[in-house]
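Just so you know, the protein sequences line up as chains A and B, in that order. At position 313 of the first sequence the residue is numbered 313 (this note's numbering), and the sequence of numbers has no breaks. At position 98 of the second sequence the residue is numbered 434 (this note's numbering), and the sequence of numbers has no breaks.
FYI, nobody ran anything at the bench for these hints, they're computed from the structure. Virtual Cβ for every residue (Gly too), placed ideally from N, Cα, C. Be a bit skeptical, because a hint or two may be false.
Said to hold, decoys possible - Sample of chain A residues with no beta-carbon within 12 angstroms of chain B, all distances over it, derived:
#1 D39
#2 D60
#3 A158
#4 G186
#5 T216
#6 L294
#7 Q309
#8 G319
#9 D325
To be verified - So the derived list for chain B, only partly shown, Cβ under 7 angstroms to chain A, looks like this:
#10 L370
#11 A381
#12 G384
#13 A387
#14 A473
#15 T481
#16 G493
#17 A494
#18 R558
#19 E614
#20 R626
#21 G655
#22 G656
#23 V659
What the hints assert, rightly or not - Here are the simulated lysine-lysine pairs, BS3-like style, with alpha carbons at most 30 angstroms apart:
#24 B/K475 to B/K351
#25 A/K139 to B/K475
#26 A/K15 to B/K475
#27 B/K423 to A/K139
#28 B/K423 to A/K87
#29 A/K139 to A/K15
Given next are the chains, with one letter for each unit.
There are 2 protein chains.
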Amino acid sequence: MGQDRILLDHGAGGKASADLVAEVFARHLGNPILNDLDDAAVLEAPPGRLAVSTDSFVVDPIFFPGGDIGSLAVHGTVNDVAMRGAKPLYLTAGFVLEEGLAVADLERIVASMARAATEAGVAIIAGDTKVVGRGQADKVFINTTGIGLIPDGLQIGAHRAAPGDAVLVSGTMGDHGVTIMATREGLGLEAPLSSDSASLNGLTSALIEACPGLKTLRDPTRGGLATALNEIATASGVALELNEEAIPMDPAVAGVCELLGLDPLFLANEGKLICIVEDTQADTALAVMREHPLGQNAALIGSCGAEPQGRVWLNTAVGGRRVLDMLSGEPLPRIC
Amino acid sequence: MGQDRILLDHGAGGKASADLVAEVFARHLGNPILNDLDDAAVLEAPPGRLAVSTDSFVVDPIFFPGGDIGSLAVHGTVNDVAMRGAKPLYLTAGFVLEEGLAVADLERIVASMARAATEAGVAIIAGDTKVVGRGQADKVFINTTGIGLIPDGLQIGAHRAAPGDAVLVSGTMGDHGVTIMATREGLGLEAPLSSDSASLNGLTSALIEACPGLKTLRDPTRGGLATALNEIATASGVALELNEEAIPMDPAVAGVCELLGLDPLFLANEGKLICIVEDTQADTALAVMREHPLGQNAALIGSCGAEPQGRVWLNTAVGGRRVLDMLSGEPLPRIC
Numbered sequence: 001m002g003q004d005r006i007l008l009d010h011g012a013g014g015k016a017s018a019d020l021v022a023e024v025f026a027r028h029l030g031n032p033i034l035n036d037l038d039d040a041a042v043l044e045a046p047p048g049r050l051a052v053s054t055d056s057f058v059v060d061p062i063f064f065p066g067g068d069i070g071s072l073a074v075h076g077t078v079n080d081v082a083m084r085g086a087k088p089l090y091l092t093a094g095f096v097l098e099e100g101l102a103v104a105d106l107e108r109i110v111a112s113m114a115r116a117a118t119e120a121g122v123a124i125i126a127g128d129t130k131v132v133g134r135g136q137a138d139k140v141f142i143n144t145t146g147i148g149l150i151p152d153g154l155q156i157g158a159h160r161a162a163p164g165d166a167v168l169v170s171g172t173m174g175d176h177g178v179t180i181m182a183t184r185e186g187l188g189l190e191a192p193l194s195s196d197s198a199s200l201n202g203l204t205s206a207l208i209e210a211c212p213g214l215k216t217l218r219d220p221t222r223g224g225l226a227t228a229l230n231e232i233a234t235a236s237g238v239a240l241e242l243n244e245e246a247i248p249m250d251p252a253v254a255g256v257c258e259l260l261g262l263d264p265l266f267l268a269n270e271g272k273l274i275c276i277v278e279d280t281q282a283d284t285a286l287a288v289m290r291e292h293p294l295g296q297n298a299a300l301i302g303s304c305g306a307e308p309q310g311r312v313w314l315n316t317a318v319g320g321r322r323v324l325d326m327l328s329g330e331p332l333p334r335i336c
Numbered sequence: 337m338g339q340d341r342i343l344l345d346h347g348a349g350g351k352a353s354a355d356l357v358a359e360v361f362a363r364h365l366g367n368p369i370l371n372d373l374d375d376a377a378v379l380e381a382p383p384g385r386l387a388v389s390t391d392s393f394v395v396d397p398i399f400f401p402g403g404d405i406g407s408l409a410v411h412g413t414v415n416d417v418a419m420r421g422a423k424p425l426y427l428t429a430g431f432v433l434e435e436g437l438a439v440a441d442l443e444r445i446v447a448s449m450a451r452a453a454t455e456a457g458v459a460i461i462a463g464d465t466k467v468v469g470r471g472q473a474d475k476v477f478i479n480t481t482g483i484g485l486i487p488d489g490l491q492i493g494a495h496r497a498a499p500g501d502a503v504l505v506s507g508t509m510g511d512h513g514v515t516i517m518a519t520r521e522g523l524g525l526e527a528p529l530s531s532d533s534a535s536l537n538g539l540t541s542a543l544i545e546a547c548p549g550l551k552t553l554r555d556p557t558r559g560g561l562a563t564a565l566n567e568i569a570t571a572s573g574v575a576l577e578l579n580e581e582a583i584p585m586d587p588a589v590a591g592v593c594e595l596l597g598l599d600p601l602f603l604a605n606e607g608k609l610i611c612i613v614e615d616t617q618a619d620t621a622l623a624v625m626r627e628h629p630l631g632q633n634a635a636l637i638g639s640c641g642a643e644p645q646g647r648v649w650l651n652t653a654v655g656g657r658r659v660l661d662m663l664s665g666e667p668l669p670r671i672c
């Protein structure tokens, strides 16, 4: 690159921009569609329904145990597309860089995106880079937009849960959120925390193949399990009833949450999914998830009822019963 | 909304986020696909080739004569998609908001996006909002990603120009760039400057219909006419020769450029296009553009030669001849 730090020049659209694209972005992310470098990428649209999702990533810190903003930006959007039952095919990537960012950090992030994209089987087909002055952004923000193809006839969505269905999760809750909080606050905790950030499209494909009675998939990111389940309960017009003891939790995460006064049910996950299936297929879904490397701690955590519509109940470990509401107040900013 | 200012809460994924989505985004941008509010939007993919483009907008100031960051974010991505000959259909929108942004400003921006999307005939089908702390971003950044459909058999791209082709532009050069610079610097100039920000898909459709010999379309944004022509010359392996006197220029823009020491050929345009056509269709292309409200000042500005490949020459008004290179150094940051 010739420079160690990102300069305003790198975003001005001239020679420095072209060098940055060639030496950092195209070198790591290059593929025949991206390499075209025209105003827009051209691709053959497979016939059928497309799932499209966009997400901006502003996580702080940009490097954390288990990942970085680059891998997270791939995983997060791949997962949003996969949660509609789609096979993710293409991603775009838009960068906003702060003047002074170390080029080595940017390269590390872009290389991490490239690995994550390869693992997920998606191609990054279009990109954009803007540079803003020092203090006008915090290091790097990344937007990814994903396009996936939904198999013929498949209907999966937050509105499809029905009374009698089973509610499962693919693993422990809160790992990403607590890792970011602990890392950011420099807590130097002894606990072996790591983000669960991962692409879930392999797991969703396996579930779709094995379970024709699959109704809803959702990754409980910002707002955590509690918020995602409230959204499903509202969209489907059902009541959801959970058993607190059945919700998988890493003991280290539970311990740090107690220390920090956080509720893991409201913390973000970036490599876990909620799966709602017809009751008769709950065992199949559980077995499929537990066979997958990303679903080894999968569990049946509750069921759908009819009333009161839009409400989520938690049967607590001590025998009580309480409403589990959406995240409200106590923001955990820049968790993704 | 209950609040006048954006809070960290609005990006946390809980109740405040849901309120912001309902009361600002869905209210202005709502359509049946967006209103689904699931992890990803689902749409019917028209069969054929898709053009996909992504762009992040960080323009400073966020409101300027002739537009704002919201309309610009629609125009810019609609235009990138249209420059591949595609009919733009869908946009996604990802917002990064700075804590403390006035909600009224956000609403004004979102309403402006909605108007621009309606005018361009595109639907905003998916969105995302993140909030970062004060001083971690500058007011608002917007990423838009666009998807368009390329008519069967149409081949338009930066690599298709050939010796003998004619080079045209749809209007005056430098209007957007000089307007942003003058507004940002608070120059209080008497000159009636206004950004040319506009969606060009109507103009590109008219050109495509009238000119089967259309080779290349490009909107000269960051880096201006000079940079865009250098990119075309390189991609096509041609030499481009321009007549300086033929390049349309608003006298006010020319005057302010002289005052500020800026070269309008390197300044961004957001509502103009370069059009390269077979020589025999130059008159048709010119007539089509001049009939369109956004092409009234269209002009034939030069031609393609064979050698030296990748070079752009400018025949100057005073009878000289010089190489017109890409933008290099002198960054004009946050112009879009």
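Hint check results:
Not every Cβ of chain B is farther than 12 angstroms from the Cβ of A/D39; the closest lies at roughly 4 angstroms, contradicting the non-interface assignment. The Cβ of A/D60 does not lie farther than 12 angstroms from every Cβ of chain B; its closest approach is about 8 angstroms, which violates its non-interface assignment. Annotated as non-interface, A/A158 brings its C-beta within 12 angstroms of a C-beta of chain B; the closest such distance is 5 angstroms. Distance check on A/G186: its Cβ is at least 17 angstroms (rounded) from any Cβ of chain B, clearing the 12 angstroms threshold; non-interface status holds.
A cut-off of 12 angstroms between C-beta atoms contradicts the statement that A/T216 is not in contact with chain B; the least separation is 9 angstroms. Listed as outside the interface, A/L294 is consistent with that label: its C-beta sits roughly 17 angstroms from the nearest C-beta of chain B, beyond the 12 angstroms cut-off. Distance to chain B confirms A/Q309 as a non-interface residue, since its nearest Cβ pair spans about 17 angstroms, more than 12 angstroms. The claim that A/G319 lies off the interface holds: its Cβ sits roughly 28 angstroms from the closest Cβ of chain B, which is beyond the 12 angstroms cut-off.
A Cβ of chain B approaches the Cβ of A/D325 within 12 angstroms, the least distance being about 8 angstroms, so the stated non-interface status is violated. Taking 7 angstroms as the C-beta cut-off, the interface hint given for B/L370 is violated, the closest approach to chain A being about 11 angstroms. Using the Cβ-Cβ criterion of 7 angstroms, the hint placing B/A381 at the interface with chain A is satisfied: the shortest such distance is roughly 4 angstroms. Checking B/G384 against chain A by beta carbon gives a least distance of about 6 angstroms; that is within 7 angstroms, so the hint holds.
Here the hint on B/A387 is kept, as its CB sits about 4 angstroms from the closest CB of chain A, short of 7 angstroms. With 7 angstroms as the threshold, the beta carbon of B/A473 comes within range of chain A, its nearest partner Cβ sitting at about 5 angstroms, so the hint holds. Given hint, B/T481 at the interface with chain A, holds; its Cβ is 4 angstroms from that chain's nearest Cβ, closer than 7 angstroms. Interface hint status for B/G493: upheld, as the beta-carbon distance to the closest one in chain A is roughly 5 angstroms, under 7 angstroms.
Restraint check, B/A494 versus chain A: the minimum CB separation of about 5 angstroms is within 7 angstroms; hint holds. For the restraint placing B/R558 at the interface with chain A, the shortest Cβ-Cβ distance is roughly 3 angstroms, inside the 7 angstroms limit, so the hint holds. Interface hint at B/E614: violated, since its Cβ lies 20 angstroms from the closest Cβ of chain A, which is beyond the 7 angstroms cut-off. Given hint, B/R626 at the interface with chain A, is violated; its Cβ is 23 angstroms from that chain's nearest Cβ, farther than 7 angstroms.
Violation of the interface hint for B/G655 is found here, the shortest Cβ-Cβ separation to chain A being roughly 28 angstroms, above the 7 angstroms cut-off. The closest approach between the C-beta of B/G656 and any C-beta of chain A is roughly 23 angstroms, which is over the 7 angstroms cut-off, so the hint fails. For the restraint placing B/V659 at the interface with chain A, the shortest Cβ-Cβ distance is roughly 14 angstroms, beyond the 7 angstroms limit, so the hint is violated. For the suggested pair B/K475 and B/K351, the alpha carbons sit about 22 angstroms apart, so the restraint of at most 30 angstroms is met.
Restraint check for A/K139 and B/K475: satisfied, since their Cα atoms lie roughly 16 angstroms apart, inside the 30 angstroms limit. Taking the CA atoms of A/K15 and B/K475, the gap is about 28 angstroms. The hint holds against a cut of 30 angstroms. Between B/K423 and A/K139 the alpha-carbon distance is near 35 angstroms, which puts this suggested pair outside the 30 angstroms criterion. Restraint check: the Cα-Cα separation between B/K423 and A/K87 comes to about 25 angstroms, which is no more than 30 angstroms; the hinted pair holds.
Between A/K139 and A/K15 the alpha-carbon distance is near 22 angstroms, which keeps this suggested pair within the 30 angstroms criterion.
Hints 1, 2, 3, 5, 9, 10, 19, 20, 21, 22, 23, 27 from the list above are not met by this structure, while the remaining hints are.
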